[in-house]
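**Student:** Sequence:
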Amino acid sequence: MNRLKLIIGIIVFGSLWGFLEASFGGFLHFIHLPQKGIIMASLAIGIMSYTRAMYHRPGMELAMGVVAAALKSSNALFLGADVIRPMLAILLEAFVFDLAITTLSKINAKDYMKAVAGALGGWGGTAVFSFVLAYVLQIGFWAKLGFFGILEYLYTEGAIIAFGCAIAAVLGAKIYRTSRLKFPHIYSMRSTSYYQSSAAFISVFWVLGVFLAF
78 MNRLKLIIGI IVFGSLWGFL EASFGGFLHF IHLPQKGIIM ASLAIGIMSY
128 TRAMYHRPGM ELAMGVVAAA LKSSNALFLG ADVIRPMLAI LLEAFVFDLA
178 ITTLSKINAK DYMKAVAGAL GGWGGTAVFS FVLAYVLQIG FWAKLGFFGI
228 LEYLYTEGAI IAFGCAIAAV LGAKIYRTSR LKFPHIYSMR STSYYQSSAA
278 FISVFWVLGV FLAF
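78 is the number of the first residue of the sequence shown in the numbering used here; add one for each residue after it.
Treat the hints with care, since some could be wrong.
Straight-line Cα separation of at most 25 Å, DMTMM-like style, residue types lysine to aspartate or glutamate; simulated pairs [to be verified]: (1) Lys183 to Glu234; (2) Lys259 to Asp188; (3) Lys82 to Glu234; (4) Lys82 to Glu229; (5) Lys221 to Glu234.
Please keep in mind that the hints were generated in silico from the structure rather than gathered at the bench.
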């Protein structure tokens, strides 16, 4: 795969992730859904697992996280939304999952390793996020929890996030394999069609992500 197609893939799937964060994630926050973090973390891991199965490129998921965080940041320009925390969560989850899947894939490429990578991405990203908010940014809720309070959170809520992300990682890879068999023409389209459809998807994700966010 040439470098241009890889870059376009990063932008397309990073934009999809950012669109879901800006719109669906914002909606879940608006309705005060208690388990919003589990749902959004699992969706993110599923998307990243899909792209790793498709492209096999270390570092791609972190680059996607940068694109997704950039789209999320645009909400602040138009809506005055608090985006620092979700942007940080996106970047940390992308970094930890990318590191985990790259390392574990060298040991074994089977689905259970993808599940482990997904669990590490979800739980590890949450862990780093929690401690950064508490001790670097010193944001109220997390700072009040303290060290042992955060550990308790990671043991309870973090375990649920890890479980959801493990399932999402396996599903993401399976969806890629199944869709490639059922719709081979999509994955073998000519360069011109690939570029045109990618440009359309990117435009839609950014326009909707910015203006339909909550």
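**Student:** Each hint needs a verdict: does it hold in this structure or not?
**Tutor:** Hint-by-hint comparison with the structure:
no.	hint	verdict
1	Lys183 to Glu234	30 Å, violated
2	Lys259 to Asp188	20 Å, holds
3	Lys82 to Glu234	38 Å, violated
4	Lys82 to Glu229	43 Å, violated
5	Lys221 to Glu234	17 Å, holds
This entry does not satisfy hints 1, 3, 4, going by the numbered hints stated previously.
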